[in-house]
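**Q** Since chain C is already given, all that's left is putting chain B on it; use the hints.
Take a look at the letters that make up each chain.
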Amino acid sequence: MSQVSFRKIERSDIELVRQWRNSTRVNSQMINQQYISKDAQNDWFNRVKQSNDQKHFICLLDGRAIGVLNFSGITKLECEWGCYLGEERVLPGIGLVIESAALIYSFNYLSVNRLNANVLTSNKNPQSMHRFYGYNQLENKIVTNASGMQLEMACFYYQKEQWELNFKAVYDKLPKPILKVIENTEFIVD
Amino acid sequence: MQMKEIINQLITEVATMTDCKIVLPLSDETVLLDSGLDSLGFAILVARLEEEQGLDPFSDMTEVIYPRTFGEFVAIYESAK
Numbered sequence: 432m433s434q435v436s437f438r439k440i441e442r443s444d445i446e447l448v449r450q451w452r453n454s455t456r457v458n459s460q461m462i463n464q465q466y467i468s469k470d471a472q473n474d475w476f477n478r479v480k481q482s483n484d485q486k487h488f489i490c491l492l493d494g495r496a497i498g499v500l501n502f503s504g505i506t507k508l509e510c511e512w513g514c515y516l517g518e519e520r521v522l523p524g525i526g527l528v529i530e531s532a533a534l535i536y537s538f539n540y541l542s543v544n545r546l547n548a549n550v551l552t553s554n555k556n557p558q559s560m561h562r563f564y565g566y567n568q569l570e571n572k573i574v575t576n577a578s579g580m581q582l583e584m585a586c587f588y589y590q591k592e593q594w595e596l597n598f599k600a601v602y603d604k605l606p607k608p609i610l611k612v613i614e615n616t617e618f619i620v621d
Numbered sequence: 003m004q005m006k007e008i009i010n011q012l013i014t015e016v017a018t019m020t021d022c023k024i025v026l027p028l029s030d031e032t033v034l035l036d037s038g039l040d041s042l043g044f045a046i047l048v049a050r051l052e053e054e055q056g057l058d059p060f061s062d063m064t065e066v067i068y069p070r071t072f073g074e075f076v077a078i079y080e081s082a083k
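Those sequence lines, one after another, are chains C and B.
Just so you know, our numbering puts 465 at position 34 of the first sequence, and the rest follows in order with no gaps.
Just so you know, our numbering puts 68 at position 66 of the second sequence, and the rest follows in order with no gaps.
Hints listed in this document are in silico derivations from the structure and should not be mistaken for laboratory results.
Quick reminder that beta carbons are idealized off the backbone N, C-alpha and C, glycines included.
Be aware that one or more of the hints could be misleading.
[Said to hold, decoys possible] Dumping the calculated EDC-like pairs for lysine to aspartate or glutamate here, alpha-carbon to alpha-carbon at most 16 Å:
1. C:Lys-555 / C:Glu-509
2. C:Lys-607 / B:Glu-53
3. B:Lys-83 / B:Glu-52
4. C:Lys-611 / B:Glu-52
5. C:Lys-611 / B:Asp-58
6. B:Lys-6 / B:Asp-30
7. C:Lys-555 / B:Asp-36
8. C:Lys-469 / C:Glu-441
9. C:Lys-439 / C:Asp-484
10. C:Lys-555 / B:Asp-21
11. C:Lys-607 / B:Asp-58
12. C:Lys-607 / B:Glu-54
13. C:Lys-611 / B:Asp-62
14. C:Lys-607 / B:Asp-36
15. B:Lys-83 / B:Asp-36
16. C:Lys-607 / B:Asp-21
17. C:Lys-591 / C:Glu-509
[What the hints assert, rightly or not] Derived list of chain B stretches under chain C, where covered just means 3 residues or more per stretch with a C-beta under 8 Å from a C-beta of chain C:
18. 11 to 18
19. 21 to 35
20. 55 to 65
21. 68 to 79
Just chain C, same shape as in the assembly (with noise of 0.2 Å):
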């Protein structure tokens, strides 16, 4: 069966993670649409080391690097999360485990009270699995990027609670292949 695992980013990983970032498919959904160069790319992770609001995982599928998952904005009360696969050769339905383990993430490791997901509204596959996942949505919102590019976001957030109510029913509706590799799903935290 396959085994999805995710551990945190390490200076190893940021180049192949620039990589990614720049590629058009990631590039493209992102709020901040700049290449972003390898000074730059370092500059950041230094930064993500010594921040306390933010965490960024690697996401690992039998081992190999995959994609990232990120959360920011962390406080007591919420944080937000996002990510992107930076592979194509990937599980199909992966995106349903990425999913998961961020609402896991957040209201079990982080203990967070609410789970905020903002995406571009182009951007139709999470949002089809934000709905499907049972957040709740607010109007959408518009803001300006680094390069001053208005872009509409489609803003979720989810409810520690209501996820306590609702995870039973959303799983009993996930296909039995793709929910065995939920329930396998793993956090390699320190």
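**A** What follows is chain B alone, placed relative to chain C:
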């Protein structure tokens, strides 16, 4: 029916069920992540292939090969048959 036809038919059904817009026609080179079918759609597709064809290559393979394209996805199921 050939495996490719079976998968094509199921993809159409699953896309309707999950309200996804498939990029048609699907060619062997179509990258699955660009096909229009979302993760839920793919998870349902894999489950349907297991239920209806008795095939679950992603669980059964000792060394799992993951498909990048539609052609590779079909080839995996043809090998598993």
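**Q** Evaluate each hint against the coordinates.
**A** Taking the hints in turn, this is what the structure says about them:
1. C:Lys-555 / C:Glu-509: Violated, at roughly 24 Å.
2. C:Lys-607 / B:Glu-53: At roughly 10 Å apart (the allowed maximum being 16 Å), Glu-53 of chain B and Lys-607 of chain C satisfy the hint.
3. B:Lys-83 / B:Glu-52: With a Cα-Cα distance of about 11 Å, the restraint between Lys-83 of chain B and Glu-52 of chain B holds, given a limit of 16 Å.
4. C:Lys-611 / B:Glu-52: This hinted pair holds, its Cα atoms lying about 14 Å apart.
5. C:Lys-611 / B:Asp-58: holds, 13 Å
6. B:Lys-6 / B:Asp-30: Holds, because 10 Å separates the two Cα atoms, which is no more than 16 Å.
7. C:Lys-555 / B:Asp-36: OK: Lys-555 of chain C and Asp-36 of chain B at ~12 Å, within 16 Å.
8. C:Lys-469 / C:Glu-441: holds, 15 Å
9. C:Lys-439 / C:Asp-484: holds, 14 Å
10. C:Lys-555 / B:Asp-21: Since the Cα atoms of Lys-555 of chain C and Asp-21 of chain B sit roughly 11 Å apart, the hinted pair holds (cutoff 16 Å).
11. C:Lys-607 / B:Asp-58: holds, 11 Å
12. C:Lys-607 / B:Glu-54: holds, 14 Å
13. C:Lys-611 / B:Asp-62: holds, 13 Å
14. C:Lys-607 / B:Asp-36: violated, 24 Å
15. B:Lys-83 / B:Asp-36: It is violated: about 26 Å lies between the C-alpha atoms, which goes past 16 Å.
16. C:Lys-607 / B:Asp-21: violated, 21 Å
17. C:Lys-591 / C:Glu-509: holds, 10 Å
18. 11 to 18: violated (count 0)
19. 21 to 35: This one holds; 5 residues, not fewer than the three required, reach chain C with a Cβ under 8 Å.
20. 55 to 65: Satisfied; 3 residues make the cut.
21. 68 to 79: holds (count 4)
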